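Participant: Let's have the full structure, built from the sequences with the hints guiding it.
Position 46 (the sequence shown) corresponds to 70 in the working numbering; numbering is contiguous.
Don't take every hint at face value.
Listed next, the in silico EDC-like pairs over lysine to aspartate or glutamate satisfying Cα-Cα at most 20 Å (straight line) [as the list claims (entries may be wrong)]:
1. 106 - 94
2. 90 - 31
3. 84 - 31
4. 84 - 100
5. 90 - 100
Think of the hints as simulated: they come from the structure by calculation, not from any bench.
As the structure is a prediction and not an experimental result, all values here were calculated from the model.
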Amino acid sequence: MSVSKSDNALIMFVNGVGVAIAYGMLGISLWLSTNVPLATKGFWAMAILLLTLALINFVKYRFDEKLSEDRIARLEAARNEKLLEEYSGDKI
25 MSVSKSDNAL IMFVNGVGVA IAYGMLGISL WLSTNVPLAT KGFWAMAILL LTLALINFVK
85 YRFDEKLSED RIARLEAARN EKLLEEYSGD KI
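Facilitator: So, in structure tokens, the structure goes:
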């Protein structure tokens, strides 16, 4: 039996891209700026804010996906146990 994928994979991918873009923006800003004017500080602040939000979402969706997989595994184990009990009960 195969487990169908939810939208969490797409959301995690989008958040992963957001994390990469935020790191890239921060790296470019650090590379190009030597005197660090106020505009650059604002750019850094936005990049760090976006990075933080993306990481929070990334962790949340990974946690949700893991909980969903665990719940499905427990349901399948309970179903299999019930089937085994019914099968062994018929023979005795």
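Participant: For which of the previously enumerated hints does the structure constitute a violation, in increasing order of number?
Facilitator: 4
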